[in-house]
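Protein chains in written order, with our numbering: chain C, 9 to 349; chain P, 9 to 349.
Errors might be hidden in some of the hints.
Which copy is meant is left open, so a pair is good if it fits within one copy or across any two.
SDA-like cross-link-like pairs, simulated, lysine to any residue; straight-line CA separation at most 25 Å [as the list claims (entries may be wrong)]:
(1) Lys177 x Asp300
(2) Lys286 x Leu346
(3) Lys286 x Glu200
(4) Lys177 x Thr203
(5) Lys177 x Gly293
(6) Lys33 x Glu91
(7) Lys286 x Gly272
(8) Lys286 x Thr28
(9) Lys347 x Leu87
(10) Lys33 x Arg270
(11) Lys291 x Gly127
(12) Lys286 x Ser32
(13) Lys122 x Leu346
(14) Lys69 x Leu151
(15) Lys122 x Leu43
(16) Lys33 x Ala220
(17) Lys347 x Asn81
Source of the hints: derived by calculation from the structure; they are not laboratory data. The structure presented is a predicted model; accordingly, all values stated were derived computationally and were not measured.
Protein chains: 2
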Amino acid sequence: MRVLFIGFGNVGRRMARILTVERSKFPGMKPLDDLVTVGIVTRKSGALISPFGVDLEGALKEMESHGSFNEKNRGFCPLTAEEAVSSLDFDVLLELSTLSIENRGEPAISHVRKALERGRHVVSANKGPVAFAYRELSQLADLAGRRFLFETTVMDGAPVFNLYRSCLKGCVVRSVDGILNSTTNYILGRMEEGTEFAQAVREAQDIGVAEADPGHDIDGWDAAAKVAALANVLLGGDVNPYDVQREGIGAVDRRRVGEAIRSGRRLKLVCRAWRDEKGVQGKVGLEELPMDHPFSMIGGGGAVLRIHTDLMGPILVTQENPDLYDTAYGVLADLLSLKHG
Amino acid sequence: MRVLFIGFGNVGRRMARILTVERSKFPGMKPLDDLVTVGIVTRKSGALISPFGVDLEGALKEMESHGSFNEKNRGFCPLTAEEAVSSLDFDVLLELSTLSIENRGEPAISHVRKALERGRHVVSANKGPVAFAYRELSQLADLAGRRFLFETTVMDGAPVFNLYRSCLKGCVVRSVDGILNSTTNYILGRMEEGTEFAQAVREAQDIGVAEADPGHDIDGWDAAAKVAALANVLLGGDVNPYDVQREGIGAVDRRRVGEAIRSGRRLKLVCRAWRDEKGVQGKVGLEELPMDHPFSMIGGGGAVLRIHTDLMGPILVTQENPDLYDTAYGVLADLLSLKHG
Numbered sequence: 009m010r011v012l013f014i015g016f017g018n019v020g021r022r023m024a025r026i027l028t029v030e031r032s033k034f035p036g037m038k039p040l041d042d043l044v045t046v047g048i049v050t051r052k053s054g055a056l057i058s059p060f061g062v063d064l065e066g067a068l069k070e071m072e073s074h075g076s077f078n079e080k081n082r083g084f085c086p087l088t089a090e091e092a093v094s095s096l097d098f099d100v101l102l103e104l105s106t107l108s109i110e111n112r113g114e115p116a117i118s119h120v121r122k123a124l125e126r127g128r129h130v131v132s133a134n135k136g137p138v139a140f141a142y143r144e145l146s147q148l149a150d151l152a153g154r155r156f157l158f159e160t161t162v163m164d165g166a167p168v169f170n171l172y173r174s175c176l177k178g179c180v181v182r183s184v185d186g187i188l189n190s191t192t193n194y195i196l197g198r199m200e201e202g203t204e205f206a207q208a209v210r211e212a213q214d215i216g217v218a219e220a221d222p223g224h225d226i227d228g229w230d231a232a233a234k235v236a237a238l239a240n241v242l243l244g245g246d247v248n249p250y251d252v253q254r255e256g257i258g259a260v261d262r263r264r265v266g267e268a269i270r271s272g273r274r275l276k277l278v279c280r281a282w283r284d285e286k287g288v289q290g291k292v293g294l295e296e297l298p299m300d301h302p303f304s305m306i307g308g309g310g311a312v313l314r315i316h317t318d319l320m321g322p323i324l325v326t327q328e329n330p331d332l333y334d335t336a337y338g339v340l341a342d343l344l345s346l347k348h349g
Numbered sequence: 009m010r011v012l013f014i015g016f017g018n019v020g021r022r023m024a025r026i027l028t029v030e031r032s033k034f035p036g037m038k039p040l041d042d043l044v045t046v047g048i049v050t051r052k053s054g055a056l057i058s059p060f061g062v063d064l065e066g067a068l069k070e071m072e073s074h075g076s077f078n079e080k081n082r083g084f085c086p087l088t089a090e091e092a093v094s095s096l097d098f099d100v101l102l103e104l105s106t107l108s109i110e111n112r113g114e115p116a117i118s119h120v121r122k123a124l125e126r127g128r129h130v131v132s133a134n135k136g137p138v139a140f141a142y143r144e145l146s147q148l149a150d151l152a153g154r155r156f157l158f159e160t161t162v163m164d165g166a167p168v169f170n171l172y173r174s175c176l177k178g179c180v181v182r183s184v185d186g187i188l189n190s191t192t193n194y195i196l197g198r199m200e201e202g203t204e205f206a207q208a209v210r211e212a213q214d215i216g217v218a219e220a221d222p223g224h225d226i227d228g229w230d231a232a233a234k235v236a237a238l239a240n241v242l243l244g245g246d247v248n249p250y251d252v253q254r255e256g257i258g259a260v261d262r263r264r265v266g267e268a269i270r271s272g273r274r275l276k277l278v279c280r281a282w283r284d285e286k287g288v289q290g291k292v293g294l295e296e297l298p299m300d301h302p303f304s305m306i307g308g309g310g311a312v313l314r315i316h317t318d319l320m321g322p323i324l325v326t327q328e329n330p331d332l333y334d335t336a337y338g339v340l341a342d343l344l345s346l347k348h349g
């Protein structure tokens, strides 16, 4: 299986680590031993390409020690992502770049579209394509007889889209709700313990829960993108993050969090998607939940998704203490799905 | 798809209801519209057979109104389960009889074995075959190129075995734990509220959580069978319910439950399976859990399974308020898996 990496940030590097230096710790990754990396294209740190396979371990070490690829490296070349997706030969596009809400999921959507048009599979860790263009891209994939997969975009490798496809056959999903943004959940939790908002944000960055720019988390955009993805895939909607009613946690202070606690409740940023007479809709908003609500249990960087169907009582999937391994596994799980056909 | 029902108790009848009188409520069941019931064999209430298809709605009504099939019914015949499995022509055996711990899963295991030997698929709601004979039967299924499925045996239709097969590809499961028996969980919960043990048992029977004979629940046998199933399938063990360390709730009184509550804890019957230097092992036992433990949240008839893997932080699947639809869906989900190939 020949793969092209677009982006080589935290997720791509953790994947590379699992598949090379830490490979012996993970026997289940054996089916990916024949993976050939035909290219790694980054936005600012150069690109490495080779039809015979880039040395993934070497690329990882170079990026970790220097923060960019060395121009003297044999495979180094000034290819852009767009050029690579349009011209290189690969079986699977790994779209690992960062979501741009401002650019409505571009340029990732164009990369995915181009790869599918060229008859390639796509695995995206970027939420943009599934949140802004799911209907078009999934139809394109069907036409091409290829797969468009994105398990890691919601709750990392914890089963969400695979669960919907493989484990809820014959059920109709009526609505979903959950806590899906770990940065805001961590910050709200720390504020319950008396930490000021700004300090809680810094802590979230220090422990790696929050991005260097946590604005999209705090303003609810990350959560809205996840709601759009769930609305599109599980509920058959055609919703994008701008359609989702959205509230962030920027206006929350310790007083408000404390008042909730004193009344026996926890302030949580809750995600919802549902179908009603107006169609499929989504919402991200602050809610005060009783202590024994299943979402109140979700602390720190955890996440939970509850799925309401026609045939069963609600099913909840909860993720405890995820880290970059969980995110990388979500991408690897999709590659394994492609392997298994 | 031609199916043979062995057993037509609560699960079989709820399936029949979903597929006939309530069919219009569940659009996702469309792929099962071509299901042909070639036989329904019960232990005490007679059997109906027809190579052209038993009238499932008629059979349901007859059983619900009279508690047995009418001997004057055209398809009525005195066939035993063993005879039916050995002689009728069908594509899928639906093994819906009740688990017998005393008989170590028989006669259900023999039915499953015979069907697989005859090259038929098997869907079992009876825990016996997977808890007592998984290794043999799964190998037999592989040899025959047929499937041996049993999703509903643990947590009904909530994804457990399908999740393991489809959503944890490449992960190695290290251990599982959870609350898997709703009768004991309901009884312990009522005792926390001050109800005496015997009264709580009667209530559990009244609301349909407990069987008419709740002994196997109370003594931990039902939980031990589920632990064995999980140990065998998710951990590759060769464990049966007699190998599982087992404690029931028969010796628990209100005082003990109350003491736990006063120390800020909840008494729960916890299921565990794990792999260590001695191999794969299982345990069912009472544990006092802190209030903020994810298992402490599980009230009434709910259930939770936590899966620990090599690559991800723990994943929890929780089932809220299950009823007979959930159990029936577990069987229907397996039939849909067979349909989809």
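Go through the copies and call it for Lys122 and Leu43: within, between, both or neither, with a Cα cutoff of 25 Å.
-> within (22 Å within a copy, 42 Å between copies)
Have a look at Lys177 and Asp300 and pick one of within, between, both or neither, based on CA distance no larger than 25 Å.
-> Neither. Shortest intra-copy (30 Å) and inter-copy (33 Å) distances fail the 25 Å Cα cut-off.
When no copy is specified for Lys286 and Thr28, does a C-alpha distance of 25 Å or less occur within a copy, between copies, both, or neither?
-> neither (50 Å within a copy, 31 Å between copies)
Intra- versus inter-copy proximity for Ala220 and Lys33 (alpha-carbon distance at most 25 Å) | Result: close neither inside a copy nor across copies, 30 Å intra and 49 Å inter.
State whether the alpha carbon distance between Lys347 and Asn81 is at most 25 Å within one copy, between copies, both, or neither.
-> neither (31 Å within a copy, 52 Å between copies)
Since the copies are identical, ignore which copy is meant and state whether Lys291 and Gly127 lie within 25 Å (CA to CA) inside a copy, between copies, both or neither.
-> neither (35 Å within a copy, 50 Å between copies)
How would you classify Lys347 and Leu87 at a CA-CA limit of 25 Å: within, between, both, or neither?
-> Neither: 28 Å inside a copy, 46 Å across copies.
When no copy is specified for Lys286 and Glu200, does a C-alpha distance of 25 Å or less occur within a copy, between copies, both, or neither?
-> neither (37 Å within a copy, 44 Å between copies)
How do Lys286 and Leu346 come out at 25 Å by Cα distance, when the copy is not named: within, between, both, or neither?
-> neither (36 Å within a copy, 36 Å between copies)
With identical chains treated as interchangeable, where does the CA-CA distance between Lys33 and Glu91 reach 25 Å or less: within a copy, between copies, both, or neither?
-> This pair counts as neither: shortest intra-copy Cα distance 36 Å, inter-copy 50 Å.
Homo-oligomer pair classification [Gly293, Lys177; C-alpha up to 25 Å] | neither (30 Å within a copy, 34 Å between copies)
Between the shortest in-copy and the shortest cross-copy C-alpha distance, which are at most 25 Å for Lys69 and Leu151: within, between, both, or neither?
-> neither (39 Å within a copy, 46 Å between copies)
Taken one by one, the earlier hints fail for this structure at numbers 1, 2, 3, 4, 5, 6, 7, 8, 9, 10, 11, 14, 16 and 17, listed in ascending order.
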